[in-house]
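Enquirer: Please work from the sequences and hints to get the whole structure.
Chains A and B supply the protein sequences, listed in that same order.
Note that UniProt numbering has the first sequence beginning at 1, numbered continuously upward.
Note that UniProt numbering has the second sequence beginning at 1, numbered continuously upward.
These are computed hints drawn from the structure, not numbers from a lab.
For clarity, every value in this text was computed on a predicted model and none was experimentally measured.
Some hints could be false.
If you want the footprint, here are the derived chain A segments under chain B, 3+ residues with CB under 8 Å [as the list claims (entries may be wrong)]:
| # | stretch |
| --- | --- |
| 1 | 1-14 |
| 2 | 26-39 |
| 3 | 76-85 |
| 4 | 172-181 |
| 5 | 348-359 |
Glycine included, each C-beta is placed from N, C-alpha and C at the ideal position.
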Amino acid sequence: MNFEFSDEMIMLGEQAERLFAARDARKTARAVLDGATHRYDAALWREMASLGWMGVAIPEAYGGAGLGAQALCIIAEQIGRSLAAIPYATTLYLAAEAILLAGTEDQKQALLPAIAAGERIMSFVDATTGARPGQVGRDGTIHADALLAPEGEIAGSLVLAALDADGEIGLFLVDLSQAGVKRAPITTIDPTRNHGLLTLSHVAAERLGSGAITRATLDRLIANAMIPLAFEQVGGATACLTMARDYALERHAFGRPIGSFQAIKHKLARMFVANELARSNAYYGAWALSTNAPDLAEAAAIARLTAIDAYHFAARECLEVFGGLGFTWEADCHLYIRRAKLLASAFGGTVKWSETLMAQIEPRYR
Amino acid sequence: MDFEDTAEEGVFRALARAFLKENAPPPPEAGAAIVSTDLETARAWQRAKADAGFAGILLPAEAGGRGGTVMEQIIFDQEERAVGAPSDVHFMIGLGICAPTILQFATPEQIARHVPPLIRGDEIWCQLFSEPSSGSDLAAARTRARREGDGWVIKGQKIWTSGAQHSDFGLLLARTDGSVPKHMGLTVFILDMKSPGVEVRPIKQISGASHFNEVFLDEVHIPDARRIGKVGQGWKIALGMLMNERLTVGRVFSPDVGPLIRVAAQTEINGAPAIDNAMVRERLARWYSEQQGIRHTVSRVMTALSKGRDPGPETSIIKIIDAAREYEMAGFALDLLGPAALDRAGGADAAPALIGAFLEAPGTRIGGGTEEILLNVIAERVLGLPGDIRVDKDIPFDAAAAR
Ligand SMILES: Cc1cc2nc3c(=O)[nH]c(=O)nc-3n(C[C@H](O)[C@H](O)[C@H](O)COP(=O)(O)OP(=O)(O)OC[C@H]3O[C@@H](n4cnc5c(N)ncnc54)[C@H](O)[C@@H]3O)c2cc1C
Chain A
1 MNFEFSDEMI MLGEQAERLF AARDARKTAR AVLDGATHRY DAALWREMAS LGWMGVAIPE
61 AYGGAGLGAQ ALCIIAEQIG RSLAAIPYAT TLYLAAEAIL LAGTEDQKQA LLPAIAAGER
121 IMSFVDATTG ARPGQVGRDG TIHADALLAP EGEIAGSLVL AALDADGEIG LFLVDLSQAG
181 VKRAPITTID PTRNHGLLTL SHVAAERLGS GAITRATLDR LIANAMIPLA FEQVGGATAC
241 LTMARDYALE RHAFGRPIGS FQAIKHKLAR MFVANELARS NAYYGAWALS TNAPDLAEAA
301 AIARLTAIDA YHFAARECLE VFGGLGFTWE ADCHLYIRRA KLLASAFGGT VKWSETLMAQ
361 IEPRYR
Chain B
1 MDFEDTAEEG VFRALARAFL KENAPPPPEA GAAIVSTDLE TARAWQRAKA DAGFAGILLP
61 AEAGGRGGTV MEQIIFDQEE RAVGAPSDVH FMIGLGICAP TILQFATPEQ IARHVPPLIR
121 GDEIWCQLFS EPSSGSDLAA ARTRARREGD GWVIKGQKIW TSGAQHSDFG LLLARTDGSV
181 PKHMGLTVFI LDMKSPGVEV RPIKQISGAS HFNEVFLDEV HIPDARRIGK VGQGWKIALG
241 MLMNERLTVG RVFSPDVGPL IRVAAQTEIN GAPAIDNAMV RERLARWYSE QQGIRHTVSR
301 VMTALSKGRD PGPETSIIKI IDAAREYEMA GFALDLLGPA ALDRAGGADA APALIGAFLE
361 APGTRIGGGT EEILLNVIAE RVLGLPGDIR VDKDIPFDAA AAR
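Expert: Shown next as structure tokens:
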């Protein structure tokens, strides 16, 4: 048994950590939040692309580095930690994976090298559920109002899970530069992860691959993405702990550093406990994803559940440690609270993923 | 990353399996508590393992162990658990805590005399640290050892001593000098539990069982040859012992959600199966993901150990989470059973084991360091936060005790 990342992966993580620190990714995230800069950190995005980080998990045949899912997870952790305002998650954990999963050879050749080069930002929307699921007509066009799309204002194309003319589930590619696409800004709880409302008026939707996919396949695609996302959450939770710990050593009250009060010490220790638990589950997820393990679906659900809990707890307690300062717009505590909530709400929170997990494990135990 | 056995590990696993298949006694009846394995069965099993080189896997071969690796210990534990062999609960303190300490600090003669019979299960050991007035604050021990002739005379009292009633020997922490600050005046001895002046009184625990005891020490003679390490070195040895306790981490028995899922499948809430209730499902899922998180944390610790690194105080997260889960899960199962849980004899089949677990769990949260102490350890040693204020730290023990 060797439950540890390889030296190569660890070095990649350190490199990412250094870059995000050197570029002060959190500062740009704040500028995005303040509306002082564009909707994402374009300079960082370009630099990451030049280092080949968009393509870490994209096979070499399509312009990537072919390092696999573990490399994606490693970078994800540092993104989460630095709060980088970049469209990495949707573009890579979801859209690129959808293309790899379902796309034809031609589609892969057409899309993946551009993604790997950082030239194409992607959105991903699952419109198969709800009162009025999205449906692509026989003429290969779709009409849809107010699709809440991650990276919706900045993405070049959209991978849309929608029903086809026969009512089956399909994955479709929608070029967002077409006439008939309208984008409206939307302010979510965390504007450092761009979202937009898309209105599609009879725009062309090209099917990825040649036929329908099953609900189970779509679920698997989304569940797999929860693993690198858990690494972002673990990274964020770790940053909260570090920030709170540093402040606890520096801030004095009653003639002592507040970090010498046991209530504060135990708060920080509990953050550590929750973070390590989440980290262990995330690591297992990375392993399961990179080996396509039989319990991959379960591994994704446990990674997601513990990561959501750890990040919420760490972000909230971090703010508490900062006292009144933590409640100000100026301090960065709320950036983590916002990100924690955004990552938890996207793709459903703990109730949904508890149910997903139970569906996996219950039959085994009964 | 991989979870496969290496070639050597695979060979060892096959050896262990073959041995267990031939020799393991039949598993105890379903539902029987893990700690109730009777001593004679456990002893015979320990001897069989020792003869085959599977007892004390981590302990050196010269001392009667196997001189094996952490992974071999883990593999053997996994396989042994899988066949439901008797638990080594009676020998755990000796094997996991006392023997490594003896090996680290004792003389070759002491090692030769004590470790082989310990490994064979012929002699049982206990840990005589806690006292009525010093548990978390172990260094405040008041039990005195005074020099007399060729040895020492011990007077004082120990408490919460697990297994003392079955023990032949114990590692005793005693104060040899009260004129220096508390950490500096302690010494560790091997106490023969059959010595005149030793009186063991079992303490009835909240579950009704009596696994731990009071141990009264009234003018007990210990030859100097049974002192471990130098006079005044006791605190260092005690800390080493607590470290060894940590190394047994890969062996923890994490409470399993499985039985709870079965209880939920068999009970109803307002006429509908409890297992279909969303709130029940969310709780089960949360506990399950914690359980897996512990399992994977253990894998991380094992990896560190097998690469020769110290797992560090991080391992204390395991006890913090498991002790809470054990209590909450058993309590929740009892809630689900409702009135059927109240009747220990005629009620639900699962009730006695659940009540047992519910009434054991608070002890898990305290023994081997309370939750608060473990949180302190994480805060100070992992996160680097300031130590608590220790008003008695630099004062001679006698002066501090008199205050
Ligand atoms: C099942 C079981 C088996 C045991 N087996 C053994 C054994 O074999 N050998 C042995 O020597 N001992 C044994 N013990 C004793 C155990 O180690 C002690 O009970 C434990 O260390 C706590 O000490 P105490 O009981 O004196 O509680 P105290 O130290 O008096 O603690 C009381 C409360 O105060 C809190 N507290 C104390 N100090 C601090 C602090 N600095 N900061 C915050 N909170 C604090 C504690 O967390 C606790 O909640 C066993 C205990 C149990 C329950």
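Enquirer: Please go over all the hints and tell whether each is borne out by the structure.
Expert: Hints, one by one, checked against the model:
1. Counting residues of the stretch 1-14 of chain A whose beta-carbon sits less than 8 Å from any beta-carbon of chain B gives 6, enough to reach three: the coverage restraint holds.
2. With a threshold of 8 Å between beta carbons, the proposed coverage of the stretch 26-39 of chain A by chain B is violated, since 0 of its residues qualify and at least three are required.
3. Check result for the stretch 76-85 of chain A against chain B: violated, 0 residues qualifying (beta carbon to beta carbon below 8 Å, three or more required).
4. Counting residues of the stretch 172-181 of chain A whose beta carbon lies closer than 8 Å to any beta carbon of chain B gives 0, which falls short of the minimum of three for the stated coverage.
5. With 7 residues carrying a beta carbon less than 8 Å from a beta carbon of chain B, the stretch 348-359 of chain A meets the three-residue requirement, and the given coverage holds.
In summary, the numbered hints that this structure violates are 2, 3, 4.
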